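Residues 0 to 268 (numbering that gives the first Met the number 0) are what the sequence shown spells out, left to right.
Misleading hints may appear alongside valid ones.
Calculated pairs, BS3-like style, for lysine-lysine (alpha carbon to alpha carbon, straight line, at most 27 Å) [as the list claims (entries may be wrong)]:
(1) K217 to K200
(2) K217 to K262
(3) K217 to K235
Distance ranges between label pairs, derived from CB positions [stated by the list, open to error]:
(4) E171 to K235: 27 to 33 Å
(5) D50 to F168: 23 to 29 Å
(6) R91 to G133: 17 to 23 Å
(7) S158 to P205: 31 to 37 Å
(8) E57 to A199: 25 to 31 Å
(9) F198 to E57: 32 to 38 Å
(10) H174 to P93: 15 to 21 Å
(11) D53 to P211: 22 to 28 Å
(12) D124 to H190: 37 to 43 Å
It should be emphasised that the hints constitute simulated quantities derived from the structure, not laboratory data. This one's a predicted model, so the numbers in the text were calculated from it and none came from an experiment. Even for Gly, the Cβ is constructed at its ideal location relative to N, Cα and C.
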Amino acid sequence: MTRAAILQAAPAERRLRLLSCNILAGASVQRYSEYVTRSLNAVLPGRNKMDNLDRLAEVLPQFDVIGLQEADAGSLRSGFLNQTRYLAETARMPFWSHQPNRAMARLAHSANGLISRLEPHSVLDYPLPSRIPGRGALLAQFGEGDNALAVMIAHLSLSAPARARQLGFIAELLHDFPHAVLMGDLNTEPHSMEMAHLFAKCNLQPPAQPTPTFPSWKPRRALDHILATSAIHLDKTWVLPQAFSDHLPLAAEIRLPAHVGGKASGRRQ
0 MTRAAILQAA
10 PAERRLRLLS
20 CNILAGASVQ
30 RYSEYVTRSL
40 NAVLPGRNKM
50 DNLDRLAEVL
60 PQFDVIGLQE
70 ADAGSLRSGF
80 LNQTRYLAET
90 ARMPFWSHQP
100 NRAMARLAHS
110 ANGLISRLEP
120 HSVLDYPLPS
130 RIPGRGALLA
140 QFGEGDNALA
150 VMIAHLSLSA
160 PARARQLGFI
170 AELLHDFPHA
180 VLMGDLNTEP
190 HSMEMAHLFA
200 KCNLQPPAQP
210 TPTFPSWKPR
220 RALDHILATS
230 AIHLDKTWVL
240 PQAFSDHLPL
250 AAEIRLPAHV
260 GGKASGRRQ
C-alpha cells in the first residue's frame with residue numbers, strides 16, 4: 000500500500016465514550032428517608048456494597064474513560080478497600096488513579112477516581128478552594144502538547160459561593176487546552192450563575208439540554224455533567240438506567256481528531 004493510500008485510509012477522527020458516576024462509596028439509596036434509616040450501613044462495610052460495585056464493574060468496559068466521585072480510598076465503610084482500584088481490576092481496565100480528599104478519621108475517606116482504557120501521560124491532583132478543606136479535582140492528560148486531551152474529574156461543594164470559586168479555579172486550569180472535558184458531580188444545574196461564569200471564562204460549552212441525574216430513584220435535577228470544549232464534538236449524553244447510588248451515572252460519546260488523546264489499550268466490549 001502506498002503512503003498516500005495509508006494516509007487516505009487513516010481515520011480523521013476518533014470516538015470515545017465517557018462515564019461520570021458518583022458512587023456514594025458503594026451505598027445504594029432508593030428514597031430520601033434512607034439517608035437517615037440506613038445511616039449506620041453507610042459507615043460500615045457490607046455485602047450489598049460489594050454487590051453494587053460488582054454490578055457497576057460489569058458496565059465499565061463499555062467506556063473508554065470513567066470518572067468517579069465519592070469512591071472510598073480505603074476506610075472502615077469500604078472494608079479498607081480502594082474502590083477505584085477494585086473497579087478497574089474487576090472490569091479489567093488497564094489504567095486507574097485516584098485522588099483522596101476528605102478523610103474522616105478511619106470511618107470514611109472519599110476520593111475522585113479515574114479509570115481508563117487510554118494511558119494517561121500525566122495525572123495531577125488539585126485541592127479546590129473551599130472554606131472547609133476536602134474538595135479536589137483530578138486532571139488527567141492523554142497525549143502531549145497540542146495533541147493532548149485534558150479530562151478533569153471534580154466533585155464540587157454544596158454552597159454556591161464555594162462552587163463559584165471552584166469553577167473559576169477549574170476554568171483557569173483548563174483555559175489553555177483546546178481539547179478538554181470536565182466531568183463530575185458539580186452539585187449545580189447548567190443554568191446556574193456559577194456555571195455561567197465557568198462558560199464565560201473558558202471554552203467549555205454548555206449542554207444542549209439538561210440531563211437529570213438526581214435523585215436516582217426519581218431524577219429531577221441535572222447535577223452531574225460531562226462538558227467539552229468547542230473543538231470536541233459531543234454527540235450525545237444519556238443516563239444509565241442502573242441506580243448504583245443516589246445519582247444516576249451520566250454517559251457521553253465524543254468525537255475528536257484522531258491524533259488527539261494518545262493511544263488506547265484494548266477494545267471496548
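Structure-based check of all given hints:
For the hint linking K217 to K200, the alpha-carbon distance of about 33 Å lies beyond 27 Å, and the restraint is violated. In summary, the hint linking K217 to K262 is not supported, as the alpha carbons are separated by about 38 Å, beyond the 27 Å threshold. Our distance criterion of 27 Å between C-alpha atoms is met by K217 and K235, whose separation comes to about 22 Å. Hint check: E171 to K235, Cβ distance near 29 Å, so the stated range 27 to 33 Å holds.
Separated by about 37 Å at the C-beta atoms, D50 and F168 break the suggested range of 23 to 29 Å. Distance hint check: the CB atoms of R91 and G133 are about 32 Å apart, inconsistent with the given range 17 to 23 Å. A C-beta distance of roughly 22 Å is found between S158 and P205, which places it outside the suggested range of 31 to 37 Å. Taking 25 to 31 Å as the suggested C-beta distance range, the pair E57 and A199 does not conform, at roughly 40 Å.
A beta carbon spacing of about 35 Å between F198 and E57 agrees with the range 32 to 38 Å that was offered as a hint. For H174 and P93, the Cβ-Cβ distance of about 30 Å falls outside the hinted range of 15 to 21 Å, so the restraint is violated. Judged by the Cβ atoms, the range 22 to 28 Å given for D53 and P211 holds: they are separated by roughly 26 Å. With their beta carbons about 30 Å apart, D124 and H190 fall outside the hinted range of 37 to 43 Å.
Going through the hint list in order, the structure does not satisfy hints 1, 2, 5, 6, 7, 8, 10 and 12.
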